[in-house]
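Work the whole structure out from these sequences, hints included.
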Amino acid sequence: MPTRVLFVCVHNSARSQMAEGMLRAWGAPAWEAASAGLEATFVRLEAIAAMEEIGIDISDQQSKTLDAFKGSTWDLAITLCDEAAEACPMVPGAARLLHWSLEDPSPAKGTDEQRLDVYRRVRDDLGGRIRELIGVGAPAIA
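Numbering (the numbering used here), first residue to last: 16 to 157.
Wrong hints could be hidden among the right ones.
The calculated label-pair distances, taken between Cβ atoms and stated as ranges, are [to be verified]:
(1) Glu118 / Glu67: 26 to 32 Å
(2) Asp132 / Pro107: 35 to 41 Å
(3) Lys124 / Asp97: 17 to 23 Å
Hints in this document: simulated from the structure, not taken from any laboratory.
Ideal placement from N, C-alpha and C gives every residue a C-beta, glycine not left out.
Written out as structure tokens, the structure is:
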């Protein structure tokens, strides 16, 4: 059975969406990923563009709340922002909870390219953490 991971952030619009896309692309079939937010909004176009640059298409992913996963079980839930970590000291159905404090790219200002650079930075930070999770995470959460 795959290791099931739920990524959680406030709006499920960027960080958690990118994390879900990376784990699906790089971790299947040993890893299964989903994402949720404290509230649902939309997947940000900058997140989609940043992921396309590394060959991962998240354009079909939808923003969802934790309520969408009531009754689901997870080997691991990972909060990706401090606000989500404070609001969700535990995630129902998760055997283990981790917190990765990541920059929020959504308030980025400037030109389109400057804003996209912020999303790239967050994407690259996430990418390193997800590669580490895939490489050493499975035994630690088994």
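- request: May I ask you to test the hint 17 to 23 Å on the CB atoms belonging to Lys124 and Asp97?
  value: Once the Cβ atoms are compared, 21 Å apart, the range 17 to 23 Å for Asp97 and Lys124 holds.
Hint check for Glu67 and Glu118 - Cβ pair distance inside 26 to 32 Å: Given a distance of about 20 Å, which is not inside 26 to 32 Å, the answer is violated.
message: Holds or violated: the 35 to 41 Å window for the beta-carbon distance between Asp132 and Pro107?
response: Taking Cβ atoms as reference, Asp132 and Pro107 lie about 36 Å apart, which means the hint holds.
Hint compliance for this structure: hint 1 is the single one not met.
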